[in-house]
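Visitor: Below are the chains, spelled out letter by letter.
There are 4 protein chains.
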Amino acid sequence: MNNSFGSIFKITSFGESHGPAVGVVIDGCPADIVIDADKIQLDLNRRKPGQSVITTARNEADNFEVLSGIFAGKTTGAPITIIIKNKDARSKDYSHIADKYRPSHADYTYQKKYSNRDYRGGGRSSARITAGWVAAGAIAKQMIAQLGIRSMAYVSQVGNLSINKLYSTSALRVEEENELRCPDQEAAAKMIALIKEVKKAGDTIGGVVTGIISGVPVGLGEPVFNKLHAQLGKAMLNINAVKGFEYGSGFDGVKLRGSEHNDLFETTKQGLQTKTNFSGGIQGGISNGQDIYYRVAFKPVATIMTDQASVDKEGNPIIITGKGRHDPCVVPRAVPIVEAMGALVIADFVLMNQSTKLGSL
Amino acid sequence: MNNSFGSIFKITSFGESHGPAVGVVIDGCPADIVIDADKIQLDLNRRKPGQSVITTARNEADNFEVLSGIFAGKTTGAPITIIIKNKDARSKDYSHIADKYRPSHADYTYQKKYSNRDYRGGGRSSARITAGWVAAGAIAKQMIAQLGIRSMAYVSQVGNLSINKLYSTSALRVEEENELRCPDQEAAAKMIALIKEVKKAGDTIGGVVTGIISGVPVGLGEPVFNKLHAQLGKAMLNINAVKGFEYGSGFDGVKLRGSEHNDLFETTKQGLQTKTNFSGGIQGGISNGQDIYYRVAFKPVATIMTDQASVDKEGNPIIITGKGRHDPCVVPRAVPIVEAMGALVIADFVLMNQSTKLGSL
Amino acid sequence: MNNSFGSIFKITSFGESHGPAVGVVIDGCPADIVIDADKIQLDLNRRKPGQSVITTARNEADNFEVLSGIFAGKTTGAPITIIIKNKDARSKDYSHIADKYRPSHADYTYQKKYSNRDYRGGGRSSARITAGWVAAGAIAKQMIAQLGIRSMAYVSQVGNLSINKLYSTSALRVEEENELRCPDQEAAAKMIALIKEVKKAGDTIGGVVTGIISGVPVGLGEPVFNKLHAQLGKAMLNINAVKGFEYGSGFDGVKLRGSEHNDLFETTKQGLQTKTNFSGGIQGGISNGQDIYYRVAFKPVATIMTDQASVDKEGNPIIITGKGRHDPCVVPRAVPIVEAMGALVIADFVLMNQSTKLGSL
Amino acid sequence: MNNSFGSIFKITSFGESHGPAVGVVIDGCPADIVIDADKIQLDLNRRKPGQSVITTARNEADNFEVLSGIFAGKTTGAPITIIIKNKDARSKDYSHIADKYRPSHADYTYQKKYSNRDYRGGGRSSARITAGWVAAGAIAKQMIAQLGIRSMAYVSQVGNLSINKLYSTSALRVEEENELRCPDQEAAAKMIALIKEVKKAGDTIGGVVTGIISGVPVGLGEPVFNKLHAQLGKAMLNINAVKGFEYGSGFDGVKLRGSEHNDLFETTKQGLQTKTNFSGGIQGGISNGQDIYYRVAFKPVATIMTDQASVDKEGNPIIITGKGRHDPCVVPRAVPIVEAMGALVIADFVLMNQSTKLGSL
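Chains as they are written, first to last, in our numbering: chain A, 1 to 361; chain B, 1 to 361; chain C, 1 to 361; chain D, 1 to 361.
Mixed in with the good hints there might be a few duds.
Each pair may be met inside one copy or between any two copies, as identical chains are not told apart.
Below are the DSS-like pairs computed for lysine-lysine, each with C-alpha atoms no more than 30 Å apart in a straight line [unchecked claim]:
(1) K199 to K100
(2) K74 to K357
(3) K165 to K190
(4) K39 to K85
(5) K87 to K255
(6) K313 to K112
No wet-lab data here; the hints were simulated from the structure.
Just so you know, these numbers come straight off a predicted model, no measurement behind them.
Can you make the complete structure from the sequences, with help from the hints?
Guide: So this is what it looks like as structure tokens:
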């Protein structure tokens, strides 16, 4: 099983929802990067459950511990290990599903593949493990910030309610203005109302998170099997509940003609720029210096509060009764995860790019 | 630069459009697989230029040579190297763009990243290098066919014309019924007319290819950073001109509620099945035995026959005049590439899965 | 920085000598392996300091905690994380060397490479991090034991005192008969006397550990860049203080003629065997079913109790005064490390070998 | 099967002795390195058969073709593919051993592992495939030469005849003074006489190649599982017929005391140096700026001209009769292979080291 992501700036994820801890090892972070621990906690807080009425009511502090790799406030070049202990475990909540397959969950596929499955709270398939990714992403963000690069994200769609305007990173604030993390206050109010309505019905709904990465220099990404957008897409598609990824013009770009879609170059005071950005900041798999933007589709959460017909391990028909505390819509808590994965991809390509030319000694 | 794809069944791509040859090394193919060379040529023919009036008029035979790894008609477990020599080079066609940046091409990003750029026909950024992938995919297809798995694809959208019906692999034929590779004859006729119209205008247009993989057993894919759909997405996003990837319900699934979107299990004569397949055959990153289906968005080809304003290496304004022979729409020739990449991903996961449990000696 | 080892059964090492913990993540261990925690502790005890008068007097319990990957006493296929907390830290012992370069230590090279160096107790360069490897090796040993494979080691040389007889794994006992872990009691007594004499002089001495792996089936290893002995050699050369590796006839085999050195095949009741085993159980990089044996050379420990001339970070001449508690000879404590690394290599090749042929579904 | 070596500067080897070609793909070579093709041919000539009376009488030109990755005389950053066609195939020479297991060859292990074995001339197990490595090494040498680094080697032992003096790279010349590639003319004469005597008897003999790498800056190598000497050892152990690797003081260093073995630092006009170099230029896995030296043990060639008892695929006793043209001792032709592998390792660590610190954009 491969639980690592990245080639130079590489993270290894571990942990289960109801084991002692979830965590991450970050290998390949350059030495001598000053780390502000508060920024790690800030992003963990943005991801944690129990933040607001539109997220799950589970309340977990998600405090982290650094086990290795940071000395005197700076990275040493050695692997950085961060763990987040699991406190609010309530294993008893899950005993009723040990032998049952919840629809559109990983229960069935895990059981068939591995036989010995930690079913408590989803075990390894729980979105809780993304806490480690977010912690690692907070390190990556601090590294790329030294180069003026920012990875940010926001909610751009809930159900069939969407905003079309693209926001730049300078227009977004980490101290979000609403609990949905949608920068359009008016649209946000409607989307929040929709989520509350869905929640009241014991149901769930999907959404879209838009990611934007600014300050990226020309040259990140590689031409063939390591195209910047391909690795970015893989990063996003690995997030729980994601069903699609598009960048730049995406699926809508299909409808355009080449003469409309081509991004014409022009020389400006800021150097070479493109007049439009259908390319989403990437041409031939390599960043061209324009903003990188992309959209990530999240399905409706599979856990609903109404009864569903299913089967147990023996194939007998059963009824799954919704229990526990779950998110009616994942997108508000997915925003810091999308940002983290975006930062991890960029951090890795920054380091990869440092070997494109032979340096001096 | 990373030109390899896959972890056990791994391919390494090499070659430039106007160098001596393009090719591929396939490492990790199991020993003792019977290889039918005709099937490799068949797929290369489906990808090659000059097939029909809706593709480029360049005519290349794309015959392949096997340099290693096959003995007595079967794989030996050693790396399989396949090359396709470049014949119709016409390097002179490209001298006029050596110092120019074509809009929405990789010229600018390659130049800035690598300095020494083979500009002839796109060099390393040319879609010609996918000939090697198709050859490798034809090997992967033969391997997975032994397990009853098929990777197929078809055109489902050109511009704003699309078909909504999903086709199963058993309804598709490799001996395609039309040059577009769209199984709906009526829709195909309209799409072909659109491409001809666009071509006549010296313009280009985008499209969507739908991929479908059938016969996949339960258990392929890995839970965290190697989710089956994430690697499939990465594979597709690495294909030239791709802007988006979605699987199962994709971006449209966002609009549904959990109670609509969940795929309910049922016990049938064929074993455990799901009543619907919004999951696209994958749950928690692991195949669940249902058909895997996905959609891949291709932008309009960047090379158009009309004049475009651009800049040269010094940033001076220039005019790019369309020349040469190019595709008005990539999707017909992209179909075998999508199939090949799908087969390569599955072949790799099949082998990875063989180490999930400890075998006997 | 790459802190991972292995390709399918892969470990990632983390931690510093005087940080909160050292540890390991084991990724790729097959699901459903029963794990006996006592066997992990047993090997950790064999490696820990303070075992006997011929090892360092530091006393650390080296108790481990499992953070993930084991459920209901068996592996789940998810990453297994094991940490060993650092208790007897005594950071003050090391403040005197923060700016000094100890001869033949990693102080100088780390400082120049990383700038921000955790100098306490060697930090990341401490042999203490091998505790994580030993824990991982204890998992690997339990996995390969299911196939009848054993990885064992013993001390075969201290200074210029050596034993020439080869011991089979069946002649070795994990409950070692002497604190040196040398199976020849008479030779052991002399070697122990030598170590005591060296220790009394405030000096240190080198030694050789012989490793033996039995029960290996034919077919582990790969022909070209993954030869079984090459990966085994890399594993051993990564152990702190190792200066050389040889397998089978090794450096002495150089002196023989082909007619003396060739291992002739013969058909026996146990199947095909070789009459001699100069090949050390490996031919063409692949195991041939005979015992695998190899020798690992350890230099004398660099920390000595007598004064040494050296320089500080500014290049000024200084005197390094021996302090603290150190091993006069590493080989007794190196035995479980050699065994662990041997087991990890074999576990990885066992899993790799499971993809040599295409299995059925 | 893994046929790649290296992590950033990575080569993939392919080909069989009697297939169409052997070759290599070099991925990750930085862009913009000027390549002198003559230097590639020079090293291929030093490795090729038929050079002198002490090597095999087979005569192969070993001319190479570059299929990709070099444009206008410089690397482009794209994969460089080099093939060497097989001309003097004489497949008929080998039909007599198709079903026979030659002692101490890879016949038996390949057959059992892969079933479908290319037995002609050893197929994939032939040392002929190292021609590709030598070509790749010649590229690596040209890259590291830009930094003042040289990887050289020479014969230091044949049978029981050895030279003890260490030679620096400045004392060695690529235009070797004798066909043995031993810099001590007097010793060389005796060694050559020994090889001729052994050859006359239809027998073979082992030897040792000493490698030396000069001009290496402080900081190459990584602390834990990527120690410079561990990767160097793996590189050498992957060369056909190698049985052992040691660096610096090696196996002899075991006999020394710490007070004798420690390399004391001193400040000189050339900066920090060590008074002795038992460390072999590497401390804690990282280069310390002193010369890196190491020794590689080669067993006697397994193919001898006298009859040997063996078995066939069915286990029946047979006689293997020596035929064909083979080397009585591999070390003269192994010298360029050792140099090449040394250069490849250093090139890779040079590039890895470029990501140790975060650069500016």
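Visitor: Going back to the hint list, which numbers does this structure go against?
Guide: 5
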